[in-house]
Every structure is written in structure tokens, then in C-alpha cells.
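Asks: Please build the complete structure, drawing on both the sequences and the hints.
With my numbering as the guide, the letters of the sequence shown map in order to residues 149 to 611.
No lab work stands behind these hints, which were simulated from the structure alone. Errors might be hidden in some of the hints.
[Stated by the list, open to error] Mimicking DSSO-like on lysine-lysine, the simulated pairs with C-alpha atoms at most 27 angstroms apart in a straight line are:
(1) K572 with K511
(2) K331 with K370
(3) K331 with K301
(4) K511 with K543
(5) K511 with K525
(6) K572 with K192
(7) K510 with K499
Since this is a predicted model, take the numbers as computed values, not measurements.
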Amino acid sequence: MEKHIKDKQVLNSLDIISLVIQPNSTAQRIYNYSAGVSDALETKGNCLQGVRTAMEAAGVVPKDFFDDCTHAYQTIEKFQKSKDFIEVECDCADLGLLPPGAIVVWDHGNGTDAESGHISVSAGGGYEMSDHRCPQNTTGIRPGTDDKEKYGKHHVFLHRDSFYYNPLLVDFLKLNTKTNQEKIRHVHTLLLYYAVESLGKGSSMGRLVEYIRGCELSYDNKEYQQERKKFYKLVQCIMNSDGDHYEEASINDQETLLKDSMQYQEFFALLSKDELDTEKVARLFNPYFIKCLREAYNNCSPDKGINAFKGEDGQCYIYTVGKDNEVHIGYNSRGSEKVGIIAAITYLLNKIRMNASLSKEKKDSKLGDEIVSVMSKYIPSLGNYFFQLYQESLKIDKHSSEKEKKLFEKRLKNEEARYNVLQKIYTISGRVKRKFNNAIKKLFGMQKTKPDIPETQVETNLL
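Replies: Have a look at this one:
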């Protein structure tokens, strides 16, 4: 029994705990891009820039969605008017329970308190992402102000049709939850419950793995941290187990593992004991699920395949390479696409430098394919040269002479200097063009929603 969340619906903690992201949903896309951007920027005081960059590059909002928003709180009305998002209400203390991809916007405070407000995307597991990753704010107090500045009201937005929940399961949890410790334990049981139910497919497994990765980080709440460590230990135990309870035939037939609440209660019982029963773990989890969990855990990375990086102009740029080697450039400068392309090239040069500094067994064997994919689309004439630089980075190691290392470093610096100059040129020209277009729009009363003329690709003769 699945139900979608409705606009203005009031969610209690158990409602939030039972939220599940639809596979390949927009909320999942928001989370993926936000993770890449927040980890790349690593700044403070630029929350709007971080969220805007991620959502624009992900293509989940119109190009003019964040126009005229210079403060985070100004986005509240934007989300409220959007047909793609719904606003839900929940207690401030429950914000740390929100699933990945949920958006939290704080209004500005009274007087001079937190005059810009704050905006972030939930990372799940009690963390948020904007221009950096940190514990989810559940107090309404602006960090770094010694509890002196307070935000205004918090607003939670979910992408429409990205989330659903099971009301019967919520009723079950209401009857079985008495303390905060039990509530946290049910959060962990649910994560495991949905991942096993999906047989290693869909976003439920991804959410479990992301949460486990988050368990490796510290958290202020000691009670929460204690339960997180216990859950992390259980999942590690599952991955180290061979599993022996289910027949191989039932695995191939993808038989549903959870026929009733018995398995749920057994999972909960595992987390309620101080010592793990490894034999029971082996009986409860089949080899197929354990294999999927291991693969998902080993393949999990913070950027989720999103190549996010900070350019020379301080903006965050993104490029993605699809399975068909199709390259897409995303950027926040709102100027020329050429700026993003140059930033991507500079980023590749940095990765080549990093590759040269690594020992042979740690060098990136996939970097060559990435270079070919990016360069072949935008600047084919230089593709061979960049690939040659990559091959040279494979040869340089601790046994190379200082002369070889210095010569290679000099070549990289010369290339970077060239592209940094081009990036500054395109940044300035992009700003001039943007101001000119805005002036024309105001002069003739053009609608902001009118699509912009797409940028042409970089001309190779300019480079």
C-alpha cells in the first residue's frame, strides 16, 4: 500500500522515516548533483550558490528559476509557486530524518538576525549539502554565531511524485516506538528493510549505502552516534557473511523476501542487542543480496559520477560523461558555455598532475577514457596531445629523475596558464553579454521565461 505525499501535509517523524525515493527520480538527481557540488566547493556562506549550481546543472528547474534571488530565503516563494515541488510541514527536530533530495529553506530572522536565511539539500543520515556538507541544522540557530542569531521559519520542499510512503507501516511503527533510541533504531531497520525488499535494485539500496557512508562521519548527538555505529557494524557483518538461508532458485526468481512483519522484527532485534549474532545474520540474508550490497558499497562515491570542480573564477562547474560517452557541461556562471568547457579542461590537467604524483599501482586507469570523451566532443584537435600528457603521467613515479618531474610540471603549468587566460576572457564576455541581454529584455518588456539563445560550441581556432 503506497501513497504519495500531498502538498501542505503534516509529517510526523514516523512518516518521514518511512519515505522512500522513487528509482531514478528527480529527487535522486537533485541529491547526486548536490553531493558533487558541495564536495567540490567546500566554502561557507555561499549556500544559495551551491544549491543553485546543483539544481541548474541537474536540469530540474527552469533556467530563470533562481533569477532575482540574492538571498536564500527568497527561494521560498519560488518553490511554493512551482508545480514541480510540494511543501510539507514537520517539526524542526525531525529535519535530520529527511531522505536524500529533500530541500530545506530557512526564512531570515528578526532584525539583523540571519538576514539571508539558509538553503540546503538533505544528504540523508542527518546531513545537509549546499556549498559544503555538514550535519543537518535542526535548531534554527545560525552556525558560528554562538547561538546569538536565529533563522526564521523552516520550509521543507519535496519534488512531486519522487517520494511515497507506506501508511500501514507507519501505523506499525507507532505501536512499536516508545523512546528516541527506538525511533533511531527503526530508521536503521527501515533502511535495511527496503533494501532487502528491493533485492538489491532501485534507489533503496543506494539510500542504504549512502547512509552507511555517512556513518563513517561524526555526529553531534551522542545517542544517535551510538546507534549509527551499531548499524554500521551490522552492515559490515552482512557484507562479510556468505548467507545461507535462501535457495538459489528463489533468488533467480526474485522472490519477495518480506512476506510479513516477521523479518522486520528480526532485523530490529539484531540492532537491539549489544553483541551481533553472526549466525543469525547469515540465516537472514541471502548471497544475492549480500553480493549486491558489496557491489553498491564498493562502487559508491561522493560525486556519483558527477565531475564537479571549482574554476579559477570561484564558480562551481560540472561535466558528466554518459555511458555512450556523451559529454554534458553544466555551470553556474550563467555566461558563455565556453567558460565551462575551459574549466573542464583545466580540471583534467589537474587530474593528470595528480596522476603523475601517484605510485604505479594507484594511478587512474580510466582517466584516459575520460580525457578522450571530453576532448573529442569539444576540442578534437588537442585530444591526442592531452592523451599523450596522460600517458606520460603513467610513466612518472618515485623512480623518475627530478629533471623529468620538473619538465613535466612545466608543461602542465604552461597549458594551465593558457586556459586560465581564456577562461577569464570568456567570463568577462559572458557577463557583458548577460547584462546586455537583460537590458534588452527590460527595454522591450520581454518575459523572463523566454528561452535564451543556446551558446555555440568552442571554436577550435580560438584555442
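Asks: Which earlier hints can't be squared with this structure?
Replies: Structure breaks hint 1 only.
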